[in-house]
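**Student:** Here is how the chains run, residue by residue.
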Amino acid sequence: MSEKFVLRLLDANRELLAWAEENLVLNGARYHTDTTRFHVYTKGVPDKISIEWCDQNLVRETDTVIATMKKVSPGDVLDFHWKLDVIWDTSHHVGTPRSQVILPPVTVRQSIAIGVPSVGSQ
Amino acid sequence: MAAQAWKLYNKAIKKIGNGSISLAATVFRLALFTSASNFATLTLSTYASLTSEVTEANGYSSSGKALTGEVWTVGASAGQYKFDSDDPIWTATGGNIANIKGAVIWLSAASAGGRHVVLTASLTSSQFTLASGNTLTIQMASAGILTAARG
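Protein chains in written order, with the working numbering: chain A, 1322 to 1443; chain B, 32 to 182.
Errors might be hidden in some of the hints.
[Unchecked claim] With beta-carbon atoms standing in for the labels, derived distance ranges:
id, chain 1, residue 1, chain 2, residue 2, range
1, B, Ala97, A, Ala1434, 15 to 25 Å
2, A, Ser1442, B, Val102, 10 to 20 Å
3, B, Ala56, A, Arg1335, 41 to 51 Å
4, A, Ser1394, B, Ala79, 40 to 50 Å
Read the hints as simulated data drawn from the structure, not as lab findings. Glycine residues also receive a C-beta, built at the ideal position from the N, C-alpha and C atoms.
One chain only, chain A, in its complex shape (with noise of 0.2 Å):
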């Protein structure tokens, strides 16, 4: 079973500069690593990046990896190589929740359907 996570690109002003999904397979209590692909559509330069797990309604935030990085720009493309800790496991949830954190909401950029079960169903 695979989790949903979110990976936003954020500048100081917490602007969404680009974003991400990501499914990934959980291996038990094993760290997973993992590359995200970040396609740049607002300028902007880079402060922090946040990881939210959607299905645990959590958030974590990271700035130490970009530290050195300079403005970006539209139609620039980032790699982030990321680690999914031990403390994520889904054992140990530790991070912040997803309601005390300010996010911006994601941009899609293709049509999509959202199909919605039923009643009942879940």
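We have chain A; now place chain B onto it with these hints.
**Tutor:** Just chain B now, with coordinates in the frame of chain A:
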């Protein structure tokens, strides 16, 4: 964009039972709400009690969109009937439709007191904005919006 299943509002169950809401009606609407909304509060009764609907702009109209094709048809077996409708579609035109999180199906009526909320669903785990020029389709399941079964 995994959505959660439709849920009946508590009072909607009662209103369906006493006839205040007729599921034979064809005047339902589907409206969209932001993450700041109370749409998931199942004790709500009327459309007026909902907060933080998606802002009217760029192809989204306040109060949402009229459902079409509401119908009761046989379900997975002869002992089941499902309530279904066509899939509503929004197109972001001239700008983005911002901050989409949840949906509510409600009964349209002339008076505010008759505008009963019926069903709600969370469309996504993370609020999103639909960029201009794209469409959002709410796909009703093959089992319909809800199914009544003999048990």
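**Student:** The structure should be examined with respect to each hint, and the outcome stated for every one.
**Tutor:** Against the structure, the hints come out as follows:
1. B/Ala97 - A/Ala1434: 15 to 25 Å: Because 19 Å falls inside the window, the suggested range holds.
2. A/Ser1442 - B/Val102: 10 to 20 Å: Check passed, 19 Å falls within 10 to 20 Å.
3. B/Ala56 - A/Arg1335: 41 to 51 Å: Between B/Ala56 and A/Arg1335, where Cβ atoms are some 44 Å apart, the hint holds.
4. A/Ser1394 - B/Ala79: 40 to 50 Å: holds, 46 Å
Consistency note: the structure conflicts with none of the earlier hints.
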